[in-house]
Amino acid sequence: MNAKSRRIALTVNGEAVAREVPVRLNLVDFLRHDLGFTGSHVGCEQGACGACTVLLDDQTVRGCLVLAVQADGCAVQTIEGTSNNDNGLMADLQEMFLSLNALQCGFCTPGMLLSAQELLRANPRPSREEIRDYLSGNFCRCTGYQAIVDAVAAVARARHEEPRP
Amino acid sequence: MKAPDFDYRRPADLPAALTLLARHGAEASIIAGGQSLLPLLNFRLAAPQLLIDIGRLGELKQLTEGDGHIEIGGLLRHCDLAASPLIAQALPLLHQAIGHIAHPAVRHRGTIGGSLAMADPAGELAACCLALDGQFSLLSARGQRWVAAGDFFQGIYETALAPDEILTAVRLPRGGPGRISIFDEVARRRGDFAMAGLALVAEAYSGTLHGVRLALLGVADRTILAPSTMALLEAGPLDQARIEQAVELIAGEADPPEDPAYPPAYRRHLVGVLLRRTLRRILAEAPG
Chain V
55 MNAKSRRIAL
65 TVNGEAVARE
75 VPVRLNLVDF
85 LRHDLGFTGS
95 HVGCEQGACG
105 ACTVLLDDQT
115 VRGCLVLAVQ
125 ADGCAVQTIE
135 GTSNNDNGLM
145 ADLQEMFLSL
155 NALQCGFCTP
165 GMLLSAQELL
175 RANPRPSREE
185 IRDYLSGNFC
195 RCTGYQAIVD
205 AVAAVARARH
215 EEPRP
Chain P
38 MKAPDFDYRR
48 PADLPAALTL
58 LARHGAEASI
68 IAGGQSLLPL
78 LNFRLAAPQL
88 LIDIGRLGEL
98 KQLTEGDGHI
108 EIGGLLRHCD
118 LAASPLIAQA
128 LPLLHQAIGH
138 IAHPAVRHRG
148 TIGGSLAMAD
158 PAGELAACCL
168 ALDGQFSLLS
178 ARGQRWVAAG
188 DFFQGIYETA
198 LAPDEILTAV
208 RLPRGGPGRI
218 SIFDEVARRR
228 GDFAMAGLAL
238 VAEAYSGTLH
248 GVRLALLGVA
258 DRTILAPSTM
268 ALLEAGPLDQ
278 ARIEQAVELI
288 AGEADPPEDP
298 AYPPAYRRHL
308 VGVLLRRTLR
318 RILAEAPG
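Protein sequence lines correspond, in order, to chains V and P.
Residues 55 to 219 (our numbering) make up the first sequence, in order.
Residues 38 to 325 (our numbering) make up the second sequence, in order.
Pulled out of the complex, with its shape left as it was, chain V reads as follows (with noise of 0.2 angstroms):
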């Protein structure tokens, strides 16, 4: 074995995975190009964007600003792992960002319903002040955060307006 590669063990989105990866690799570029989970995008690379954010043990962090080796043995989630999470509030977020126009170029996307996939979950009432600052980690080029607020909003109502059996 490579002196600067490693074996790691770990579950994505449900499946176990093993592989052998360089040391430097990060989480982000592993899931891309190793797996082929490419929903977690890659912007700054230095942990201002958000674009690259993915669970890991079921908490949001920066693929970016984790090593693939320091997720050996964790369980970890991507975008495309997440809908069915929560009685389908992945899905209700989904649905509520495309008809609310929350979204442009879809590059921000994966990590703002991450984001605000967590805050509901901790939060199911957030104020519009509360998914600012829970979604102030995530940046958006496009629409601007407005509808992305709205969309969060409108699921938190609807949720809480119409509980699911």
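Since the hints were derived computationally from the structure, they do not count as laboratory data.
Just to be clear, a hint being listed does not mean it is correct.
Claimed, not checked - A few chain V residues facing chain P, derived, Cβ under 10 angstroms: (1) 83; (2) 92; (3) 98; (4) 110; (5) 116; (6) 173.
Where is the CB? At the ideal position from N, CA and C, for every residue including glycine.
With the hints as your guide, set chain P onto chain V.
Chain P only, in chain V's frame:
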């Protein structure tokens, strides 16, 4: 960009980590959450030969109440501290500051030990530890020493850490029930690096502040105390006139670097605005 080439080890326990660090010293970097180190690597501003990953060492994840102080393990993450009822109750200054540190996804990885060891001049936790007169445990294969926050920070990204030492814990004295704790900062957006910030603890009786500790961030090459302003605030009753004197004084205590985006005069102005806001709040909330 991508990180340069390096090797990576994940020692199984703290003694193994210290042994590795003793052997590789300045060629190695400790990595825990990586939220400061990985951007530096991606920018190629750092090029360690070896990363020693201590992120999973359970012995550095303890939060304990000691005799008059709270001891925080170096690997406790910002989100751990934010969620801790003990921190909220015994160290409200820290609790307030954590909401200003970057964004949720960064707070899920970043650790208190890593943040302090990085010694960014705009670091929130560094200013809190200085205001609280905290002590840091620096551990190496040679042994342990405790260093006061005021001696630890020595310049931009410069600290008292020797190449073979790890910052393993932070000890912060808990205050009495009447202690005032206020953290505030100004940033362009929530989570951005602060242009100026302050951390203040004090006690108030008979309209006068006592035991004032006022630390500033983002306005010098490291987090600094403002001793002249602290003395002025203790010298007599807090009123509007004293507040304005303090605002004037603190601008001179700040020593911001040349920066085309935020010139020194602007940062000095901001730290005065923050101090005025803080002191007016204390005045408004003072009992009787």
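Proposed interface contact between residue 83 (chain V) and chain P, which counts if any beta carbon pair is under 10 angstroms: OK, holds: residue 83 (chain V) within 10 angstroms of chain P, min 8 angstroms.
Interface hint outcome for residue 98 (chain V) [beta carbon to chain P under 10 angstroms]: Result: holds, 9 angstroms to nearest chain P Cβ.
Agreement of hint residue 173 (chain V) with chain P interface, Cβ distance less than 10 angstroms: Holds. Min distance 8 angstroms.
Agreement of hint residue 116 (chain V) with chain P interface, Cβ distance less than 10 angstroms: Hint on residue 116 (chain V): holds, closest Cβ of chain P at ~5 angstroms, below 10 angstroms.
Residue 110 (chain V) as chain P interface residue, shortest Cβ-Cβ below 10 angstroms: 8 angstroms, holds
Hint status (Cβ of residue 92 (chain V) to nearest Cβ of chain P, threshold 10 angstroms): 17 angstroms, violated
In the structure shown, a violation is registered for the earlier hint numbered 2 alone.
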